[in-house]
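Position one of the sequence shown corresponds to residue 1 (the working numbering), numbered consecutively onward.
Calculated directly from the structure, the hints in this document are not laboratory data.
Everything numeric in this text was worked out from a predicted model, so none of it was measured.
Just so you know, not all the hints are guaranteed correct.
Unchecked claim - Listed next, the in silico DSBU-like pairs over lysine-lysine satisfying Cα-Cα at most 30 Å (straight line):
1. K102 - K4
2. K102 - K3
3. K155 - K59
4. K223 - K213
5. K3 - K213
6. K96 - K223
7. K3 - K15
8. K59 - K143
9. K136 - K96
10. K205 - K222
11. K205 - K178
12. K59 - K88
13. K152 - K10
14. K136 - K174
15. K15 - K100
16. K136 - K100
17. K153 - K136
18. K100 - K3
19. K143 - K96
20. K174 - K102
21. K102 - K213
22. K88 - K136
23. K100 - K143
Stated by the list, open to error - The following label-pair restraints were derived from C-beta to C-beta distances:
24. F201 - R164: 17 to 25 Å
25. R164 - P99: 19 to 27 Å
26. K96 - F201: 16 to 24 Å
27. K213 - E5: 17 to 25 Å
28. S19 - N192: 50 to 58 Å
29. V148 - T119: 22 to 30 Å
30. I207 - L180: 24 to 32 Å
31. N116 - D220: 49 to 57 Å
32. L188 - N161: 37 to 45 Å
33. R164 - T221: 38 to 46 Å
Backbone N, C-alpha and C define an ideal beta-carbon position, used for all residues, glycine too.
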Amino acid sequence: MYKKEIQQVKRSTWKKFFSKASSRYEAPFKSTKSVNPPSVILNRLGNPFSGNAEASAGKILQQLYPEAAGEQTDISFTPSYSEESFSKIEIDNIFKRFPKSKAPGFDGIDSVIVSNIHTNFPELLTTFRNKCPDLKKFPTPFKTGLIVLFLKKGKEKNSINSYRPISLLSIVGKLLEKLLLQRVNFILNKQNVLHPHQFGFREGKSINHALRKLLDIIEDTKK
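Please take these sequences and the hints and turn them into a complete structure.
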């Protein structure tokens, strides 16, 4: 009983705190920064680097994400079919399934903001999303991730390799990815180009289906 009341008091206190804040992100940022300021985090990692916090962060990033060898290859293709534009209904369906609690990327624009924009100005996002395939471009800012480090369970806090990095991407970019993926899956299924034994990375398919198929083959062989 007391645990539930404590949780309710904590929740109401936080709501009051954030409701009085002039900026949606300023208050949470200041609160978390006071608990774990950047200097403390860098010292916890041993801070073996010289220079300012930005330079240190860059070196941490370089160690966690070493550059891949080789050059990128430009791939060009000519579509063999005429693709229809994205419709408002398609985007609506994506929003219905998109988690509201997804953390925003470096731009700070969360899914609630994007959803409200689409509700009030549906033609804005619909036109924008259709321009990307038309121009055959995926905007570069959508590829920029905000890297957050999580300490692995049972690992030393002063080692960079003890942290698991995750990349927070732009919500607008994620929605565009889901639209493209949905369209690609539709085309693949419509044209029936996927092998029936392709169980990985397919909606409605899993390792259980692969195991079931394997067992069926074994049973048929025994007969």
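Consistency of the hints with the structure:
The hinted pair formed by K102 and K4 meets the criterion: a straight-line CA distance of about 26 Å does not exceed 30 Å. For the suggested pair K102 and K3, the alpha carbons sit about 27 Å apart, so the restraint of at most 30 Å is met. About 20 Å separates the Cα atoms of K155 and K59, which keeps this hinted pair within 30 Å; it holds. With a C-alpha separation of about 16 Å, the suggested pair K223 and K213 falls inside the 30 Å cut-off, and the hint holds.
With a C-alpha separation of about 49 Å, the suggested pair K3 and K213 falls outside the 30 Å cut-off, and the hint is violated. Distance hint between K96 and K223 is unfulfilled; the C-alpha atoms sit about 48 Å from each other, more than 30 Å. With a C-alpha separation of about 18 Å, the suggested pairing of K3 with K15 holds against the 30 Å cut-off. With a C-alpha separation of about 20 Å, the suggested pairing of K59 with K143 holds against the 30 Å cut-off.
Taking the CA atoms of K136 and K96, the gap is about 26 Å. The hint holds against a cut of 30 Å. A hinted pair counts as satisfied when its Cα atoms are at most 30 Å apart, and K205 with K222 qualifies at roughly 26 Å. With a C-alpha separation of about 18 Å, the suggested pair K205 and K178 falls inside the 30 Å cut-off, and the hint holds. For the given pair, K59 sits about 43 Å from K88 by alpha-carbon distance, which is inconsistent with the 30 Å threshold.
Taken as a hint, the K152 and K10 pair is honoured in the structure, with Cα atoms around 27 Å apart against an allowance of 30 Å. Among the hinted pairs, K136 with K174 is consistent with the structure: their alpha-carbon atoms are about 17 Å apart, no more than 30 Å. In summary, the hint linking K15 to K100 is supported, as the alpha carbons are separated by about 18 Å, within the 30 Å threshold. Pair hint K136 plus K100 holds up; C-alpha atoms about 29 Å apart against a cutoff of 30 Å.
Between K153 and K136 the alpha-carbon distance is near 42 Å, which puts this suggested pair outside the 30 Å criterion. Note on K100 and K3: the hinted pairing holds, with a Cα-Cα distance of about 27 Å set against a maximum of 30 Å. This hinted pair checks out: K143 and K96 have alpha carbons roughly 24 Å apart, not beyond 30 Å. For the suggested pair K174 and K102, the alpha carbons sit about 10 Å apart, so the restraint of at most 30 Å is met.
For the proposed pair K102 and K213, the alpha carbon gap of about 36 Å is over 30 Å, so the pair is violated. Our distance criterion of 30 Å between C-alpha atoms is met by K88 and K136, whose separation comes to about 20 Å. Straight-line distance between C-alpha atoms of K100 and K143 comes to about 21 Å, which keeps the hinted pair within the 30 Å bound. Distance hint check for F201 and R164: the Cβ-Cβ separation is about 23 Å, which falls inside the suggested range of 17 to 25 Å.
Evaluation of the 19 to 27 Å hint for R164 and P99 yields a pass: the beta carbon distance comes to about 20 Å. Separation of K96 from F201 is about 23 Å and conforms to the stated range, judged on CB atoms against 16 to 24 Å. A beta carbon spacing of about 53 Å between K213 and E5 contradicts the range 17 to 25 Å that was offered as a hint. Judged by the Cβ atoms, the range 50 to 58 Å given for S19 and N192 holds: they are separated by roughly 54 Å.
Checked against the hint of 22 to 30 Å, the C-beta distance between V148 and T119 comes to roughly 29 Å, which is consistent with it. Checked against the hint of 24 to 32 Å, the pair I207 and L180 passes, with Cβ atoms roughly 25 Å apart. The hinted range of 49 to 57 Å is satisfied by N116 and D220, whose Cβ atoms lie roughly 55 Å apart. Roughly 39 Å separates the CB atoms of L188 and N161, a value that falls within the hinted 37 to 45 Å.
Between R164 and T221 the beta carbons are some 43 Å apart, a value that agrees with the proposed interval 38 to 46 Å.
Violated hints, listed in ascending order, are 5, 6, 12, 17, 21, 27; each of the other numbered hints is respected by the structure.
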